[in-house]
Amino acid sequence: MNLIGQILPRIIAPANWYNSTLTPAEPGAFELNNSFDWGLYTQNGTTNNLGFVYGGFSPGQNWAISLYVKISASGDYIGVRETGNGIGVVRISTETVTTAGGGISSVKVYDTVNDDIKRVVILGTTLGANNLFLQLPSSGGNSGVDDGNTLQLTAFQLEAGTYATSVIRTTGLARTRNADVVSSSAIGALLEDLEGNFYLEATVFDDTVSNVIELSQSGAESTNAIRIDINGTGIEGTCVGSGGTTSISGAPAVAGTYNKVCFNYGASGMSLHVDGSTEGSASNGGLPSTLNQWRFTDGTNPFRGRIRVCAYNPNKLNATESNNLTT
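Each residue of the sequence shown is one higher than the one before, starting from 1 at the first, in my numbering.
It is possible that some hints are incorrect.
The calculated label-pair distances, taken between Cβ atoms and stated as ranges, are [as the list claims (entries may be wrong)]:
#1 N318 <-> G219: 19 to 25 Å
#2 T83 <-> R308: 52 to 58 Å
#3 G285 <-> S93: 17 to 23 Å
List of simulated lysine-lysine pairs, DSS-like, C-alpha gap at most 25 Å [said to hold, decoys possible]:
#4 K108 <-> K118
#5 K260 <-> K316
#6 K70 <-> K108
#7 K70 <-> K118
The set of hints was computed from the structure by calculation and includes no laboratory data. Since the structure is predicted, the reported quantities are computational estimates derived from the model, not experimental observations. Positions of the beta carbon are idealized from the N, C-alpha and C atoms, including for glycine.
Let's have the full structure, built from the sequences with the hints guiding it.
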């Protein structure tokens with residue numbers, strides 16, 4: 001029997017993908033549940049399916065499944081079955097793919113602040129326009145009847161692409177990372193157009209693309225913005241204002257490595273500081289105006305990674321202060 005908690009119905013009937021297509025404009029999070037309540041499930045039946053994940057994939061579509069598992073109440077194996085492509089099985093304790101199939105390519109298991117809770121990320125690629133199912137095999141090669149395995153999980157999500165992002169909590173339709181914006185009628189009073197300090201400590205999943213976080217003016221982002229871009233070509237700070245766009249590039253980022261980045265802007269100029277070093281300085285062509293939102297994208301390049309600190313201060317720091325901050 002299935003002990004159906006609040007999460008299972010959302011696995012069976014997930015929200016549509018970006019623009020209701022299987023070729024999203026950019027990889028991003030598509031949350032399938034709007035609650036962090038834990039659901040406890042058991043497996044029973046010849047088909048061995050815990051829940052239907054998604055159907056009608058395009059051939060060769062990359063996907064990422066992520067979920068949080070409570071180890072004390074869960075078995076050690078999770079399976080993914082793709083219609084016509086067999087069943088793949090991953091083992092949580094050893095972070096390995098124990099049975100090839102189902103389109104699975106790899107698995108990662110991440111620690112959390114709670115020793116009893118792990119985040120499991122399974123990556124794969126579809127063989128054809130098939131359906132995908134989550135399974136609970138009791139061993140590494142079990143693809144038949146299972147009457148014993150259990151799984152206690154929460155925050156299940158399915159994403160397009162070759163990596164998993166963090167969960168974006170929603171209460172309605174699925175949203176992409178481009179929609180992850182912090183804004184309000186009052187936030188403009190907190191952001192200083194004339195000078196400020198933008199600080200970020202983060203790592204990215206993919207250093208071959210731009211990963212942008214910005215302060216900008218809603219509706220006029222292309223002409224009024226302060227941005228930090230983490231990428232493998234060079235970590236970059238950009239000021240977009242009345243005089244055009246001015247950027248400073250620094251040391252390249254490496255996926256999986258955390259960087260501390262400080263970007264200062266003001267009437268006297270701007271400067272970029274990374275991991276204790278001054279990467280460069282420049283005169284401002286013109287400062288932005290009416291900054292009123294903080295978003296994890298520039299509209300084209302969403303931020304893909306993990307953030308320890310993302311902070312803003314309306315006061316510009318000098319070089320010594322900035323290098324100390326990023327050390």
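So which of the earlier hints does this model not fit?
When the structure is compared with the hints, numbers 1, 2 and 3 turn out to be violated.
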